[in-house]
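Please build the complete structure, drawing on both the sequences and the hints.
These protein sequences, in sequence, are chains A and B.
If you use our numbering, the first sequence corresponds to residues 4 to 114, in order.
If you use our numbering, the second sequence corresponds to residues 2 to 116, in order.
Careful, some of the hints might be misleading.
[Stated by the list, open to error] With a Cα cut of at most 20 Å, we get these calculated EDC-like pairs of lysine to aspartate or glutamate:
#	chain 1	residue 1	chain 2	residue 2
1	A	62	A	86
2	A	54	B	103
3	A	72	B	103
4	A	73	A	57
5	A	73	A	86
6	A	39	A	70
7	A	72	A	57
8	A	60	A	86
9	A	62	A	18
10	A	73	B	73
11	A	60	A	21
12	B	10	B	27
13	A	59	B	103
14	A	39	B	73
15	B	10	B	73
Hints in this document: simulated from the structure, not taken from any laboratory.
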Amino acid sequence: GQQVMQIPQYQHVQEGEDFTTYCNSSTTLSNIQWYKQRPGGHPVFLIQLVKSGEVKKQKRLTFQFGEAKKNSSLHITATQTTDVGTYFCAVPNTGFQKLVFGTGTRLLVSP
Amino acid sequence: NAGVTQTPKFQVLKTGQSMTLQCAQDMNHEYMSWYRQDPGMGLRLIHYSVGAGITDQGEVPNGYNVSRSTTEDFPLRLLSAAPSQTSVYFCASSYSNRASRETQYFGPGTRLLVL
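Next comes the structure, spelled out in structure tokens:
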């Protein structure tokens, strides 16, 4: 079945530092989604990428889809304490009826 | 709209007991699913439904049953609880049955402890 690896598993940064998480697939993807889960909360949709090489920005968050559509990254510029949480990528399985989630990257930001 | 609601928020069970986790959505979404979340394991799909009367298995279906008699409700049944089912359970829904292309809306979760 579809496998997706997400690295790192955990990162602790000082407020103001940048942060990047990577999502890697063993197969070419049609699309990829990113979700954020605050501590004690539920996953919340952030964005979907569809095109090869696509780059989308949401304020300090930059999302990129690889040229070969096998990997993606989420970069946060100048982290804030409000960025704390776990970031998940999610990719379709064959048949597109299931969404397979990565294991997530837990981000901790110290003031 | 209330979105996706789940009950109960927290439950303690003894091994062997059965229970039903409730999930409802008021957005007229076709697709509904159940995930479990364990430390270091991410979100794993248990069962999903592409519409009323249609369900299918996800990655980790053993020990769980589902049914979808209405568009709004998608309960998850634990037949005989085991300690390995201690987890946080999330219900999610999306507008169409091409779930992988749609935004998934998650409920607040049910924390289950099996002793």
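The hints, checked one at a time:
1. Taken as a hint, the residue 62/A and residue 86/A pair is honoured in the structure, with Cα atoms around 12 Å apart against an allowance of 20 Å.
2. The straight-line distance between the Cα atoms of residue 54/A and residue 103/B is roughly 16 Å, inside the 20 Å bound, and the hint therefore holds.
3. Of the supplied pair hints, the one linking residue 72/A and residue 103/B holds, its CA atoms being roughly 18 Å apart against a limit of 20 Å.
4. A C-alpha spacing of about 12 Å is found between residue 73/A and residue 57/A, which places the hinted pair at or below 20 Å, so the restraint holds.
5. For the suggested pair residue 73/A and residue 86/A, the alpha carbons sit about 26 Å apart, so the restraint of at most 20 Å is broken.
6. This hinted pair does not check out: residue 39/A and residue 70/A have alpha carbons roughly 24 Å apart, beyond 20 Å.
7. A distance of roughly 9 Å separates the Cα atoms of residue 72/A and residue 57/A; the hinted pair therefore holds under the 20 Å criterion.
8. A C-alpha spacing of about 15 Å is found between residue 60/A and residue 86/A, which places the hinted pair at or below 20 Å, so the restraint holds.
9. A C-alpha spacing of about 16 Å is found between residue 62/A and residue 18/A, which places the hinted pair at or below 20 Å, so the restraint holds.
10. Between residue 73/A and residue 73/B the CA atoms are separated by roughly 35 Å; this puts the pair beyond 20 Å, and the hint is violated.
11. This hinted pair checks out: residue 60/A and residue 21/A have alpha carbons roughly 15 Å apart, not beyond 20 Å.
12. Of the supplied pair hints, the one linking residue 10/B and residue 27/B holds, its CA atoms being roughly 19 Å apart against a limit of 20 Å.
13. With a C-alpha separation of about 17 Å, the suggested pairing of residue 59/A with residue 103/B holds against the 20 Å cut-off.
14. Restraint check: the Cα-Cα separation between residue 39/A and residue 73/B comes to about 25 Å, which exceeds 20 Å; the hinted pair is violated.
15. The hinted pair formed by residue 10/B and residue 73/B meets the criterion: a straight-line CA distance of about 19 Å does not exceed 20 Å.
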